[in-house]
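Letter by letter, the chains look like this.
Number of protein chains: 6
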Amino acid sequence: MFITRRECFNAAHKLFKPEWSDARNYEVFGACSNPNWHGHNYVLFVTVKGSPNVETGFVMNLKKLSQLIKTHVTDKVDHKNLNLDVPFMKDILPSAENVAKAFWQQLSAPIEKEGCTLHCIRLQETENNSVEYFGE
Amino acid sequence: MFITRRECFNAAHKLFKPEWSDARNYEVFGACSNPNWHGHNYVLFVTVKGSPNVETGFVMNLKKLSQLIKTHVTDKVDHKNLNLDVPFMKDILPSAENVAKAFWQQLSAPIEKEGCTLHCIRLQETENNSVEYFGE
Amino acid sequence: MFITRRECFNAAHKLFKPEWSDARNYEVFGACSNPNWHGHNYVLFVTVKGSPNVETGFVMNLKKLSQLIKTHVTDKVDHKNLNLDVPFMKDILPSAENVAKAFWQQLSAPIEKEGCTLHCIRLQETENNSVEYFGE
Amino acid sequence: MFITRRECFNAAHKLFKPEWSDARNYEVFGACSNPNWHGHNYVLFVTVKGSPNVETGFVMNLKKLSQLIKTHVTDKVDHKNLNLDVPFMKDILPSAENVAKAFWQQLSAPIEKEGCTLHCIRLQETENNSVEYFGE
Amino acid sequence: MFITRRECFNAAHKLFKPEWSDARNYEVFGACSNPNWHGHNYVLFVTVKGSPNVETGFVMNLKKLSQLIKTHVTDKVDHKNLNLDVPFMKDILPSAENVAKAFWQQLSAPIEKEGCTLHCIRLQETENNSVEYFGE
Amino acid sequence: MFITRRECFNAAHKLFKPEWSDARNYEVFGACSNPNWHGHNYVLFVTVKGSPNVETGFVMNLKKLSQLIKTHVTDKVDHKNLNLDVPFMKDILPSAENVAKAFWQQLSAPIEKEGCTLHCIRLQETENNSVEYFGE
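Protein chains in written order, with our numbering: chain A, 706 to 841; chain B, 706 to 841; chain C, 706 to 841; chain D, 706 to 841; chain E, 706 to 841; chain F, 706 to 841.
There are no misleading hints in this set.
Because identical chains cannot be distinguished in the list, a pair is counted as satisfied if it fits within a single copy or across any two copies.
Cut-off 27 Å, straight-line C-alpha distance, at most; resulting in silico cross-link-like pairs (DSSO-like, lysine-lysine):
#	residue 1	residue 2
1	Lys769	Lys781
2	Lys722	Lys818
3	Lys818	Lys795
4	Lys754	Lys818
5	Lys722	Lys781
6	Lys722	Lys754
7	Lys768	Lys781
8	Lys754	Lys795
9	Lys722	Lys768
10	Lys769	Lys722
11	Lys775	Lys795
12	Lys818	Lys769
Think of the hints as simulated: they come from the structure by calculation, not from any bench.
Chain A with its partners taken away, still in its complex shape (with noise of 0.2 Å):
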């Protein structure tokens, strides 16, 4: 049985290397090497692993897990930058690839801690573009 939890957060953002010059950068990353960030309304939903408990039927309350989700991760990234102002994404690229892998090191053991296990980190940027990242 899974569960899965949807949040959503607002971030800046900007695909840069700063060992690379400007122009290779956009050669890679085009307008998402934009100098100045740009950003997005990121959705993340989180699935969680478990059998439900026989008295109250839940794999894990939802509630518990939406607070879980907002210490460990959106408390931490909504209206921020993910370049600058998040220290368990500090030198990282934040591709959503490499969030999405930053959240699940986030969560894993907290979820871990209520019984459950971590599935997938789901995340997506904008309606056409989302990555899925299911541990190693």
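Using the hints provided, position chains B, C, D, E and F relative to the given structure of chain A.
Chains B, C, D, E and F in isolation, oriented as in the chain A frame:
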């Protein structure tokens, strides 16, 4: 090859165990334990696995699948109270997880009879909360 | 200039007049008259008219508008029964039209106090059914 | 007869007045004042009024309208910083209200030239927040 | 008070004037002039104006409105070719504008007979393109 | 790690086997067999599997993926008739299942050439009906 049919229904429910005090119900289930019920526009996605028929190109005619879902599920739960009105959910606490499981039991055999295999029941309770069940 | 805030809530209701027979209730209201209730994920859009403040660029701070809606409406109806639990809807048949009107009466004065004008209450009961009320 | 074209763009911004202290900026604009920016997937709806041409059945060719929006608005704001990168928004605090107004000024004349009238700029900043501007 | 019913239908069409050359058709209508047709999942929103009935709380029963739309519009256009199969669209170029007008003519009288007033036909051809018609 | 790109296209089709009578076609395919065609706003989701590149953080640049889909699929089907206009679908009955399979064959090799693996073709015909194909 997998095909998925979406069906919607509107129902009332509460997460409330009569053997518990109101206080304990509230502690565990929060606002969902309101004795006077609340409700949802549930969205149900039924996914069926099979091989496309060589003549028709269909895994299963989606109209047929829609009819099966109506006969075995949505006609019995739409505009109903999941705690009180649904024989196949008698004595089942209607958490999304338990509802998905009960729907699986309703749909598995009829889909088998059509020569296909029920693959997944996805039930969306709100735009933020959903569950997926793939059988035992 | 108009600004619109969307808020969601989940509630139970029935369309049922106790002074009518069950048969007549069913004839007029169909499945919505189910004595044991059904429910919806209501989506509420509140539109406010005003001029952007020269300093802030805001007609009204949307966070303030969100708080007003929570205080005067959604805290009182979320996870509730619209027929039984909501003082400001006492003796009102909770058709979407009547609910929209009742919400208007809850929100009109508090929005006025902020120096703006309530323009429209839009209430979506399902993805197919919605109502709009612009006041008398 | 009204026709509406939807266009999307992703941009960074902050609500921050340099003449105010950080504390006052935070008090008025909250998390939106984050000095390091945040961003959105903006959704823009441009509505044009006119009579369908007797020959083509079009108020205006929606491809033409899309091109006008691209040329005069989205090419200038997509993957940009609304505070820093957009000449037509220089010295304008990029609240949704002010952005909508600025877009109106960009689009009104070019649509007029096509023999139609700009009727409404609707700008959705998040799924919960949007503004509409109908001109003075 | 306004109520809106959403109905969906799938149809083929082309924007092509037989009295014009293929080249001119392509010049004006682009890919929409493909002689072999293309098609859409049209989404139709019918808005009706009226006062809620004191007894029922309804402007018009939305099930009744849905039936009227089915009888007078969607049964006649769903899974059809708008250029070839629809008597009430004979000799009308099926631009979204013209389709909306033709639907208005189909629905205005039947809605009047129910004691209400047709207020708006909104027709969405794609997620990016839509038209609204409010009558003459 | 999986990345998914969404692309939309509008096409006409019919489910109709010329070797069958009209009556049998109608019996099996219902309204979808209308000889004069119908159509859809198809939504295509292409999912690619791979490891994020250490330098770019990308499994594959989503703009590159979008271009591949355009070149090999959507440029060939958008505003077309799936039964008549698409060389790679010649003699294939355009059920959603068969269309998904045909798209897989178009996209598998070009994605392989980019060092990634095509994982899933999801094709949504309407908001209620969709299919997923994961290859043989």
